[in-house]
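**Student:** On the provided structure of chain D, position chain C as indicated by the hints.
These are the residues of each chain, in order.
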Amino acid sequence: MRLFAILSAAVSLCFSPALAQTLAITNAKVMTAGEAGELESATILIENGRFTAVGADVRIPADARMVDMNGKVITPGLIVSSTTLGAVEINDRANANDIDASSSTLSAGADIQYAINPNSTLIPVARRGGVARAIVTPGLEAKTGGAAAFGGQAALISTAANGDAISQPQVAMTLNLLGSDQGRAAVFPQLKAMLEDASSFAENPSPERVSSFKAAKWTQADLQGLVPVMRAEIPLYVAAERASDIRAFLKIAAPYNLRIVFVGAAEAWSVADEIAAAGASVVLDPYENLPQSFNAVLASSQNAVRLHEAGVPVLIVPPRAGHDARLIRYRAGVAVAAGLPKDAALVAITSGPARMLGLDNYGEIAPGKVADMAIWSGDPFEPLSGLDALYIDGVLQPLEDRQTALRDKYRAKPAGK
Amino acid sequence: MLNLLKLAAISCLVVWPSCAGAQGQTGEADTRSAATAIINATILTAASPRIENGTILFEDGKIVAIGSAVDVPANAAVIDGEGRWVTPGLIDPHSHIGVFPTPLLPTTMDLNEKSGTNTAQVSAEDAIWPQDPGFEMARAGGVTSLAILPGSANLIGGRGVTVHNIESVTASEMLLPDAPEFLKMACGENPMKVYGGAGKAPVTRMGVVAEFRQAWADATQYRRQRDEAMKAGKPAPADLQMETMAGVLDGDIIPVFHCYRADEMEQMIEVSHEFGFQIGAFHHATEAYKIADLLRDEDIAVATWARRWGFKMEAYDAVPAAAAMLEEDGVTVSLHSDNALLIQRLNIEAAMALASAKDAGLDYDYETAIKWITSRPAEMMGIDDRTGTLEPGKLADVVVWSGDPFSVYSHADLVYIDGALVYEREKDEGSVESDFLTGQTGAGE
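The listed protein sequences derive, respectively, from chains D and C.
Quick note: the first sequence uses our numbering, first residue 66, plus one each step.
Quick note: the second sequence uses our numbering, first residue 7, plus one each step.
Bound conformation, chain D alone (with noise of 0.2 Å):
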């Protein structure tokens, strides 16, 4: 409480126009989730929502505002890989759920962009779990009835408060592996002659050539949409648990430069070899350990470990609804305790998912990059410890939300009411 004030005196500039003035935060331990590892009593220069230096040896400008952290720690924003968090409101039969495109006529051409609501509820309670950046994933879970369907473009968003939530939209493609309710059989055939019409139409990307392509029942903005997938410019997410599914995949989409992102991945732990040798990353929670179905027949609470022992990257994730957004931190600790190194459960939650969106100004605490930061009573993937601050694009953020809300408004009721 007491820090929260001082930051907030501190920084409270920050919200006005006057952004030049240079913030130097001292005496923390810094977990940069770069190159630079962990740092004891470190010193963070932030300058026009950058950090501008980090280390032991900081010359501080004589005019920074300083802010004294005690050997508090601090980890960059945490990102989550994969949530609906600002798309949906409430899940289930509220007309709030905004996350699936799956009844239009587009597919690929989908873009969950339009879809967020930067005044969702969800937002601040996700800010207070120390999340900064979060990736709004469509179409994932998507039945698409007949054909298989791509699920649509997802967005970077922010949960910084009085934002307008985008950070950077069309920043990854979606694929529901299984969305579709035909046999295996019938899918991988269909999604490889896909991906023979999306590679060709890459190539010449001219609207009068839609017509041309037979494989699905695209649009023009579908095909578009997927330009960049096809171009290696943006990852395409494809949601898959079996191991076969995994290995089937790789092989249709092996003529073409992809970057690959497997979701959910109960079984690619199996498979780890063929996954890292072909440049793939995966996206899971540590949580899933159980067989779900016969798809997931191998889940195993090591799935994160040994596809990092197998040098895949992995982005771990809480749940994919984004009410639980602000459980990821608690995730990176289970994997831990599974055995995944530290500094990996790290990175798999700030630098990780912002290298696997080719968007490496985020998520890490080094010159130059985005001063997204979040500042820890003590170790961060402990339940017992709590978020004291979290800065978004250098800016100290508000840290109360609904919850706190409705939760002070009835400890303030008098008893018997």
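Be a bit skeptical, because a hint or two may be false.
Stated by the list, open to error - Short derived list, chain D residues pointing at chain C, Cβ under 10 Å: (1) A308; (2) A386; (3) R472.
Simulated from the structure, these hints should not be mistaken for laboratory data.
Beta carbons are placed, not taken as given, at the ideal position from N, Cα and C, and that holds for glycine.
**Tutor:** Relative to chain D, chain C alone:
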């Protein structure tokens, strides 16, 4: 076996097919150990302040002694607890493991008998699949007892039972002997979705409350007729559904409600007053913090979550400090899982709830947090006379943790049920016991 049978033994011996079933040893681990002593450990008993450098001694399935100065018999197996913590076995008052199992298939989905809004005649006991790998994963998380309940599709879903989390081929072996049964009921969105969504009653909350009133009116009438018939020496009516509900009115079955909203909980309390039964607990109860005083005065317990919220409208007002706020207001509160992944880390749920207490300015300690996942669920399940705390005479349901149980990095190293070692991390981690996973290529590797 069914506790209900005891009350029904006179009235419906002929009705219950399993009345003649064996009343053998159930819910007890096969091999009770000789004397075991865990020494030098930090012990949270859930009944007293923590004991540093403590010893717990158990024999023949029961705790014999606990404290900082315990005489360890020469023949006891001694386990050095240096750096480790000991707690009671964790208890989950709301689980569906075995009836909503993994793998979840149309053919293993035994959660809801969706053939009518009142199916009080069915029991989760009759559907528990002991091969559900969820049981062994929960065991590895230190869970020694759990209530297995039917789901919330129906207003009156059926009976639930308490099991000891032991390896078994049949569910009967897992039942905790003489533990009370539950009648699982549900308010709100789920019955409205399942029945209203199909054009049947209840479509609205008006329908929900009306159906409850009718069901309890029917049960009241049944019970009067049954008792009159018995008095007159006439044959008793044979109605399993009504007999279960009469069991609640007789005070022999614990009624528990899946209910989220404060206003709905209050309505259920009104109904209980009208028909004269005592509600045992509201489960989920994400708005219980709004009516804490009422719940305390009515002596109704609450089982809730540390963090779940917003997945449906009726769960929109959940707050992370709920457990602490209920604790502050004197409500018997516990955490629960309702989920086969969450149950594996009830200790982390308790740590989250404790952190939220601190956030709210409520200074609870480990001694309170451990109760939320041990003694409190035991109380609301009516098994606190035998488990839920570490005290002499209680069942030796014990967990030895690798470190602070509220740290995300700690593991359950040893789990004892009835004094028998049922999980040993060093040996069991990665091994597969469930028949479903046995022989599956790659499983457990």
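**Student:** Take the hints in turn and mark each one as holding or not.
**Tutor:** To see whether the hints hold, each was checked on the structure:
1. Because the smallest distance between the Cβ of A308 of chain D and any Cβ of chain C comes to about 8 Å, under 10 Å, the interface hint for this residue holds.
2. The closest approach between the C-beta of A386 of chain D and any C-beta of chain C is roughly 6 Å, which is under the 10 Å cut-off, so the hint is satisfied.
3. Among the interface hints, the one on R472 of chain D holds; its C-beta lies about 5 Å from the nearest C-beta in chain C, closer than the 10 Å criterion.
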